[in-house]
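As a plain string of letters, each chain reads:
2 protein chains.
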Amino acid sequence: MSSDSDLLVLGGGAIGLTVAWRASLSGLTVTLIDPTPGSGAMWAAAGMLASAAESHFGEEHHVALLSAASDRWISFSRELEGDTGLNIGYEQNGTLLVGLDRGDRLEIERSVEFQRSLGHNVADVDLENLSEVEPALLSTISVAKQLHNDHHVDPRALGRALLAALELNNVSLRTSPADSLTQSALGVEVTLGDGSVIRGDKAVVTMGAHTNFLETANPLPQIRPVKGHILRLQGPVLLKHTIRGLVHGRSVYLVQRKTGEIVLGATVEEKGFDRTVRAGEVFRLLDDARRIIPGVDELELVETSVGLRPGSHDNAPVVEWAEEGRVLVATGHYRNGILLAPLTADLVVDMLQDRPSIHQELFVSAHSHHRSS
Amino acid sequence: MSSDSDLLVLGGGAIGLTVAWRASLSGLTVTLIDPTPGSGAMWAAAGMLASAAESHFGEEHHVALLSAASDRWISFSRELEGDTGLNIGYEQNGTLLVGLDRGDRLEIERSVEFQRSLGHNVADVDLENLSEVEPALLSTISVAKQLHNDHHVDPRALGRALLAALELNNVSLRTSPADSLTQSALGVEVTLGDGSVIRGDKAVVTMGAHTNFLETANPLPQIRPVKGHILRLQGPVLLKHTIRGLVHGRSVYLVQRKTGEIVLGATVEEKGFDRTVRAGEVFRLLDDARRIIPGVDELELVETSVGLRPGSHDNAPVVEWAEEGRVLVATGHYRNGILLAPLTADLVVDMLQDRPSIHQELFVSAHSHHRSS
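In order, the protein sequence lines correspond to chains C and F. Residue numbering for the first sequence follows our numbering, starting at 1 and increasing by one per position. Residue numbering for the second sequence follows our numbering, starting at 1 and increasing by one per position.
Just so you know, not all the hints are guaranteed correct.
Chain copies aren't distinguished; within one or between two, either way the pair holds.
[Stated by the list, open to error] Here are the simulated EDC-like pairs of lysine to aspartate or glutamate, each with C-alpha atoms no more than 20 Å apart in a straight line: (1) K240 x E128; (2) K240 x E261; (3) K240 x E81; (4) K271 x D297; (5) K258 x D314; (6) K240 x E269; (7) K240 x D71; (8) K240 x D297; (9) K240 x D126; (10) K271 x E54; (11) K258 x E300; (12) K271 x D179.
The set of hints was computed from the structure by calculation and includes no laboratory data. Computed from a predicted model, the values in this text were never measured in an experiment.
Go ahead and model the full structure; you've got the sequences and the hints to work with.
Rendered as structure tokens:
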């Protein structure tokens, strides 16, 4: 059996595109298989690279991984923008955590205490100066905390840049879905929806919520879709920071881009493969956002969309061998697919080349709490 | 000067398409001029044919006109569907007027008293039986009244059917905008955006909110755009009736179609030619609708759109000669363009053929109150 490529990447989301790029840079010949690369969960995502704000109680074991992933982004974005000449909307304008009522204030104070205990730098904002820090915020919110170093990226621009990088590096693209994957001592074979067969030396499965649709001899890790509604608003630039709000106990965020776009999200729903945009969820997102930022009312509502985040059994990413030596899975990145993509790709490329990886331990320990309990 | 057609119709909204159809049936050769016929205010409209529910205080002088227009629809829809073989979503499932709080109840009782004084048949609904009459309604609303005979039509299906009828009747279509109109003793001449010139014996200007963009020797009646936000929801059929609600003093309506579509509207905004879908208005429509019909939350939000209703100085339709004997205007139909289209077309065809029209007086008296004051 002769291989078409050294590596087949099944899935063209944030992880698949990044793995394909980094693998091609490492000297491998790569084929990427995805009917619509750059769409899916990546297309809906807001692109927050928020290791501190994403540090939640009970997820202490994720913290080191998220921090390392966040640090990795700075050089990653420079390299991608440099290679392709494309802007990916990378910005470091910080995050404000704000709470509306007294209960929201107490909850934010509790989590900031926790974030500080993990070593994150979280500044108090004097509410008397709030209108200077973030003029668009409601003046009667009960608490505001500032994370100076949080950054974000535009996932759609990222997708375009990664596709351009793949083309520059001669990665082949097959836009038919991967139906089944088999492996032998000689290599791997993928049958596509159009009936064609592609052979490779090794394969990486990065199919997110669709991982379990792939037919394989041994079962892959169970991944479930976690539905999220996201709105896109447009207008003159309204916010100086990314806002993460608690509004009567409900979480809402707004990511402001320099283009005037605001990404408003996101619901977290266990509804299987339901991609329907529901009136009630759109209502709740708008309701929560306008309660803390009245100027939201004047923005144009450009898009309502749904993304399916890939969740593993414990919501930590799964990067491991499915078939020793030939087939890797890199999936289950849940809310943090964009943030983790560069680090996951580094680990995958190390594993493919049978090199020890400095990142391995971070991914393993993200699971350890749950696996040992 | 030789004419291309007996009649040039400038504008392809509800009025223009209907006038072109009826004029071609009367034996005239017709050219319709519109860059995107069937779009505009017509595309956004809900299609309520609601002479009773649209009878408001201070608009008594419209009542006879709206009633006649409503009666005319029954034969009109049969004829159009018969000629084209196309379904236009004509349905007569009645309207429920409902109010949420005590103030809403008082206001609805006042307007029902008024509607009854005008001869409309409005039935009381015993709130104890409400869940049988309309199971989707909130059980704690304060009042419900039923208009058994109200009907509605799907304006987009209507547009498609009228375009098909025009083709059957050999109406020419020119899809470049009409820039200017001149008339002489010999006929009329229209210059289009693409530089071409079309000649006709007579012309009808039915350009809605865009009427005053047409260059003419003498000014046409002033028409302003009245912005309305409209949402389209989709799901299993939720409602048995059209619902017109008062929710803490704000008006909202929901028109249910057999296809499962619900058209939810509509805001009334004096904002000039602003076509932006605003987050705040989408929020308010959803907020009001779900307060009286909780099941709205589960529907898919399929579309958010804006229409520009054409309003005259007194919001009554303007059907009159602009240049005696050659150029008619038929515009300013405001909220009632779909309802009035068949009657307006009858009047226009009579006027074009210098026949006395039984409808003339209805249109004149719709204005008389304001003109004499």
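Right, here's what the structure says about each hint:
1. K240 x E128: within (17 Å within a copy, 53 Å between copies)
2. K240 x E261: within (12 Å within a copy, 40 Å between copies)
3. K240 x E81: neither (24 Å within a copy, 56 Å between copies)
4. K271 x D297: between (29 Å within a copy, 15 Å between copies)
5. K258 x D314: Classified as neither: same-chain Cα gap 35 Å, cross-chain 44 Å, threshold 20 Å.
6. K240 x E269: Answer is neither; intra-copy 29 Å and inter-copy 30 Å both fail.
7. K240 x D71: neither (22 Å within a copy, 57 Å between copies)
8. K240 x D297: Answer is within: at 17 Å inside a copy they meet the 20 Å cutoff, but 32 Å across does not.
9. K240 x D126: Answer is within; shortest intra-copy Cα gap is 17 Å, inter-copy 54 Å.
10. K271 x E54: neither (23 Å within a copy, 42 Å between copies)
11. K258 x E300: Cα proximity of K258 and E300: one copy only (16 Å, versus 31 Å across).
12. K271 x D179: Classified as neither; 24 Å inside a copy, 53 Å across copies.
The structure does not agree with the numbered hints 3, 5, 6, 7, 10 and 12 stated previously, though it agrees with the rest.
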